[in-house]
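The lines below spell out each chain.
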Amino acid sequence: MLKYISRRLLYTVILLLLVSLSIFYIFDLIPVDPARLVCSKSCTTALVEANRHRLGLDVSVLEQWWRFIQGLFQGRTYGEGGIKDIYCGAPSFGYSFNRHACVSTIMAEAFPITLSLTIGAFIMWLSIGISLGILAARKKGKFADRASTAFVLIGTSLPTFITGIMVVLFIVLKFHLVNPLELGDWQNPFTNPLGWLRTFFFPCATLAIAYAATYTRFTRSNILEISTEDYIRTARAKGLSEKVILRKHTLRAALAPIVTIAGLDFAGLLGGAIITEGIFGLSGLGKLSIKAVTQTYDLPIIVATTLVGSAFVVIMNLIVDVAYAYIDPRVRTT
Amino acid sequence: MSKFLEVKNLSVSFPTEDGLVKASNDVSYSVDLGETLAIVGESGSGKSVSNLAIMGLHNPTMTQISGSAWLNLPDGPIDVISAPAEKVRRLRGKVMSMIFQDPMSALHPYYSVGNQIAEAWSLYNDGSKRDGMARAAEMLDLVGIPSAKDRVKDFPHQFSGGMRQRVMIAMALVNNPSLLIADEPTTALDVTVQSQILKLIQEIQKEFNMAVILITHDLGVVAEVADKVCVMYGGKIVENAGIDEIFYRSQHPYTIGLLDSIPRVDKLGSHRLKAIPGQPPSLIGLPTGCAFAPRCEFVSQVAGSLCTTQNPDLSEKTTGHFSRCFLEPEQIVTLTGRKASAK
Amino acid sequence: MSSDNILELQGLKKHFKVHSTFGRGKTVVKAVDGIDLVVGRGETVGLVGESGCGKTTVGRTVMKIYEPTDGKIIFDGVDITDLKRRDMKAYRSKMQMIFQDPFSSLNPRHTVGTIIEAAYIIHKTEPIGGRTKAIQNLLERVGLNPEHINRFPHEFSGGQRQRIGIARALALTPKLIVADEPVSALDVSIQAQVVNLLDDLQKELGLSYLFVAHDLSVVQHISDRVVVMYLGKVMEIATTTELFANPRHPYTKALLSAVPIPDPIIERQRERIILTGDLPSPANPPAGCVFSTRCWKVQDRCVSEAPIPVQISPNHTLACHFPEPAGKL
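Protein chains in written order, with the UniProt record's numbering: chain A, 1 to 334; chain B, 1 to 343; chain C, 1 to 329.
In case anyone wonders, no lab produced these hints; they're calculated from the structure.
Calculated pairs, EDC-like style, for lysine to aspartate or glutamate (alpha carbon to alpha carbon, straight line, at most 16 Å):
hint, chain 1, residue 1, chain 2, residue 2
1, C, Lys-124, C, Asp-87
2, A, Lys-243, B, Glu-86
3, B, Lys-274, C, Asp-200
4, C, Lys-175, C, Glu-204
5, B, Lys-267, C, Glu-267
6, B, Lys-267, C, Asp-224
7, B, Lys-8, B, Asp-313
8, C, Lys-133, C, Glu-147
9, C, Lys-13, C, Asp-70
10, B, Lys-199, C, Glu-267
11, A, Lys-140, A, Glu-242
12, C, Lys-64, C, Asp-82
13, B, Lys-267, C, Asp-215
14, B, Lys-274, C, Asp-199
15, B, Lys-274, B, Glu-297
16, B, Lys-206, B, Glu-35
17, C, Lys-203, C, Glu-43
18, A, Lys-248, A, Glu-229
19, B, Lys-267, C, Glu-242
20, B, Lys-149, B, Glu-138
21, B, Lys-87, A, Glu-242
22, B, Lys-199, C, Glu-271
23, B, Lys-274, C, Asp-187
24, B, Lys-3, B, Glu-35
25, C, Lys-175, C, Asp-200
26, B, Lys-153, A, Asp-328
27, C, Lys-253, B, Asp-266
Sequences and hints are given; from them, build the entire structure.
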């Protein structure tokens, strides 16, 4: 098992290197010249070239990538040939000339916001989705099942920008449950849990609704499917009560696949919940990257957020696989 | 004298979109401690459902049940059909146990076999988890799993099919039940493993003086282990008698046809098999008359097309030998050309 | 090359590489490990053994569903071992397969007519009198109502579906039919119908069968010769009467004694040889004789040296160092 994990880790590193390399090539292909963008109105070819050198774009893509990788481990000095040199310590994801800050510093500010949003939403959607799914499966065909089906339909068909806007409109603006001025404030959940809850509860809920709906449906159908398995009949033949059968036999098997999906959904969101962050004015990774792409074309930030996002997915994949092997003994020994 | 299990007029049906499925229709049989009753039939004959109902393993919302099934327990008889579900649950695994056809899917893949056996034990015994595992190891040893102590912590997928069926048997017997219902226990197994498992069931039955109901489609298996036999067709018992009566003096044309149609390893020579024509009936909307009539070669022998208009009763043809047919034993003897006192 | 035989297998091997999830290990499963057998024209050869013995793999390798690892497949006097897909087509129409599960081997979205017609389309043949007529004749031949040509598989019972499978196999007038457990999924009272149908078709059309099954009673009934396999190897080959009356290999003997006979008096008097243990894994077969781990007559030589199949009489081949004495069972 340890051998397996170390091999998988090696693959993960190689994969991330390849992903980062392809990110560099992709952005090289985009017909936007960052060196010209940062140039003022009185731009000359010489100035553009100087900018290009300062941005580090005057070398081959491979070289740019290599410098980036080195910077990750050693830290790196930026702005060579400019007014002054800037040093960003390891791990350095680059320097944003647009915001005059090391990308790692910018990300370090945005990441806790995204992380707490994701974790909050994750806990909500798992608890809502799984318990509703269990309820629906147990009361199959009855009112509770139908109500949860309605929830699933609404949750999956309403895009987050609609639910998000509705939440803002009603809860924040109409009922004044949250001071609109506080929206988007970063509150440390450890030092100020109530404050965090005030700012983050509704964004988390917005994000959670869509996911909870999918998880409800998934949990319900899995439980119903597992309930027809022979080994559930065996459990019943032993004389176990329905409660024990559900808790110990059905749920264990029904929820195992949820680990995989939940892990990947979680990782995907760590890259940034673009719409939710936008609506609630949270300056998380999603907002950071969308702004870098659409407004400022801040290449170092784009590269860094993309890379971090994909790293989460790849690493989470590994964690999920290991966790699954732990849950399902059949995977462990074959 | 009452038998340990007495099933009387048990009917089980489920409504479906296509109509009411009369899976088991007015079925009566009994089995005593130390006795093996075989219930024989093809798929869709209703051979399993009545036993699932006795165990209380039917779907309670989807099933309509009538009749009774009395278990004559030391502290008084109980009808498991009319008893409250919770009471029947407390009998499952303790007084009556069941093993199933497919040992591959009948064990939970995520729990060790020891854990699953211990779980059944701890339902009716006080003891620590360790006691349960020790008891599980004992049971695994009893059912012939080599180095049982080392294997209690293994998971089902680490066992072969035959070994898994042994685990199932160990689990079913962990609380010394008085009734074991085995639903096609060897159908999914290879023939050399089948004979091991049948032998094991017989030995354990003797040791614990259990009543065994063996549900099967294989007349060879019946001949090997049964004391008495119910033959089912179209949801009804068509013949019910002791083992030798069924095999050597069968009264029902279906039983006769079945015995004639199966090839035997001990009968050499390439004679043509005497197949029963047609298909087994659907259990939805059975026509009036005998369910076997459309396939029966003797229909014309019964006067006044009785077979297709009236349903014959299950009547006692000779002492202890019941058959659901209008033909009398003498007629059967003449028609089949069988010697009256065969064997 | 003897042209009396429709099929000859010479040292046929089929090994599968299996990757494990964790760890780098690749294991080789020797599903079929060097078998020789022939099927004569118009002959039925039964291939028996327990699950995991490789009998199904033999059938599929003959059909070239699997590429053989080693050995030769000679069909109708032609070595088809290394033929590529395109070149196989001509031979494939002459050898057809019937599958075990009549429920999953027919496409549920196609009518019976379409299912059978596919054979003509693939092989670009136009039967005399047109395809529809030919299909209807086939349906009638296998005991189905020709008017049911436009029905879907789910409208038929298991036995009828198996008849459809047989009709499909017969469409291209094959010479050899590989039947893989053709009756084991069917009800007891239906098995005899299908066995009889296969018998009739053979007599009428001069077919040869390679009949793969685990049920010895059915194999005994339908076969002219029987091949007993165990863990990818041939244990014993003999004519049916010889094998069942005079089994020489301990495994054959145990197998026969395990088959229940529907006769209570015989059953009560029978001495059973109950094999201990399970089939070893084909990924890790025992050294020497593959049956040595379960054989009650095992001796040192069995563990060290694998017995080679030897012809002990014109109609009897045996792979055992210490065979059972000849004589009645």
